[in-house]
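Undergrad: Each chain, written out:
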Amino acid sequence: MANTPAQSVASRKTALNSTHRKMGARMVEFGGWDMPLEYSGIVPEHMAVRTRAGLFDVSHMGEIEVEGKGALPLLQKVTCNDASRLQDNQAQYSGLMNPQGGFVDDLLVHKIADQRYLLCVNASRREADFGWITKQNDTGARVRNVSDDYTQLAVQGPRSKAVLERLTAVDLGALKYYWFTHGEVCGVQSLVARTGYTGEDGFELYLPPSESERVWNEILEAGKAEGILPCGLGARNTLRLEAGMHLYGHDIDEETTPLEANLRWISKLEKGPFLGSEVLARQAQEGVKRRLVGFQMTDRGIARDEAPVWVEDRQVGKVTSGSYTPYLKRSIGLAYLPSELASPGQRILIEIRGKRAAAEVVSTPFYRKPKN
Amino acid sequence: MYPAQFRYSEEHEWLQVEDNSATVGITDHAQKELGDVVFVELPKVGDKVEAGQACGTVESVKAVSEIYSPVSGEVKEVNTALAETPEWINQDPHGKAWMMKVALSAPAPLDRLMTAEQYEEYLRKESAE
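From first to last, the protein sequence lines are chains A and S. According to the numbering used here, the first sequence is numbered sequentially starting from 46. According to the numbering used here, the second sequence is numbered sequentially starting from 713.
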């Protein structure tokens, strides 16, 4: 048994940091932030979200406001999805692109109103994204990093609607997946979005940091009967992996394109030119050399991030995300493979501590939530 | 909490020495640090293990951790049931989740191992750091 590494003291803290510590969360450094890794354990938290409800503090995520006449043209230039298709109160998953067609980040674009957008970006990319969008801003849009103005809470799981309904007059049932509205939750004016990063039904709330602790506690209290659990980033990672969702810095980065990452659906080449669109158009026409695939272990063992992937005696790729997942009770992962090997059923070998264990390419998502 | 008849290593293994044989497992503290154990890889009967050297692995959802043998010798018995029921490591780390029995090739290095009382003191210091 090796000792777990000491945690950094220089990390940034969300408004709920002391709440997490008071409640006995095990903390971890993530993307420069001191965040809860787990409360009761990754397995019970993961299962709570799949079967009941879970509450996450995701205030480390960043928010960037883009406003003015130039807002839409700027977003159309720097992101690969088509922001012009958004209606008021609608959200869209997209990629912030570099000129090579790689991901500066992946993000959610919320259309608040005409000429007003709110981007939700990854914690570790807040400053990089803001800098990049500002640098690309030749349309006169107002771009502001408003990350510190928000606490972001995620209530996820099949019972999350039932829990939140006790705390708000907002008609949550009328809110469709990837739509949002403004309203009071626990008496606090919030942006309430039906979005998430778990593959489950759920909501993400954006509210002023000053009210964080009260809202956090009231959600846990209101969810008691539903068996809600406070959850950490450990369960967030296993949940998103089961749902086949990408983690920036692992499954996508500046070097990988949406087409390689199995995100053709957010690459709207027909919307007109945008950063990297020539590269993506060429890839769409000629095909990509490598593709992100899902795999599951057929031998015993757990594939972890960075594990080499072999086919016969050739190293063909690397695991970008890998874990044992509590709901499926399988060891699964994502890896980039040469396109000719990227079809379900392909046998591969994952190197785990010097030994090669058998795995098989499978289609993603690994988990799909049951239809109501 | 920590049985008095065991000795403990700084890497959080326990062992119980009887005659020329030692039973080895990981401590309650170790299983708590790891969280829910989902996979365990143990040496095989007949393998030679050496004090201070890695001889297996324990994995939880979030982490993988090596098992260091606190003694030198030959593995004469392995708790093969753990492969199918790794959760025993969380449920009963000092009992039915024993990992291996080693026929000692040299006396257990008792001077480098801790008593239960010393181990509890060691844990207190470690958590205070």
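Hints listed in this document are in silico derivations from the structure and should not be mistaken for laboratory results. One should not assume that every hint holds.
To be verified - Lysine to aspartate or glutamate pairs mimicking EDC-like chemistry, simulated, CA-CA at most 20 Å apart:
1) A/Lys400 / S/Glu838
2) A/Lys374 / S/Glu799
3) S/Lys760 / S/Asp731
4) A/Lys374 / S/Asp748
5) A/Lys67 / S/Glu745
6) S/Lys744 / S/Asp823
7) A/Lys374 / S/Glu796
8) S/Lys744 / S/Glu762
9) S/Lys744 / S/Glu833
Please read these numbers as outputs of a predicted model, since none were measured by experiment.
Undergrad: For each hint, tell me whether it holds in the structure or not.
TA: Structure-based check of all given hints:
About 33 Å separates the Cα atoms of A/Lys400 and S/Glu838, which puts this hinted pair outside 20 Å; it is violated. With a C-alpha separation of about 13 Å, the suggested pair A/Lys374 and S/Glu799 falls inside the 20 Å cut-off, and the hint holds. Using a Cα cut-off of 20 Å, the hinted pair S/Lys760 and S/Asp731 holds, with the two alpha carbons roughly 19 Å apart. Distance check on the hinted pair: A/Lys374 and S/Asp748 sit about 12 Å apart at the alpha-carbon level, within 20 Å; holds.
The straight-line distance between the Cα atoms of A/Lys67 and S/Glu745 is roughly 19 Å, inside the 20 Å bound, and the hint therefore holds. With a C-alpha separation of about 26 Å, the suggested pair S/Lys744 and S/Asp823 falls outside the 20 Å cut-off, and the hint is violated. Distance hint between A/Lys374 and S/Glu796 is fulfilled; the C-alpha atoms sit about 13 Å from each other, no more than 20 Å. Straight-line distance between C-alpha atoms of S/Lys744 and S/Glu762 comes to about 26 Å, which puts the hinted pair past the 20 Å bound.
For a cut-off of 20 Å, the pair hint linking S/Lys744 to S/Glu833 stands: about 17 Å separates their Cα positions.
In the structure shown, a violation is registered for the earlier hints numbered 1, 6 and 8, in ascending order.
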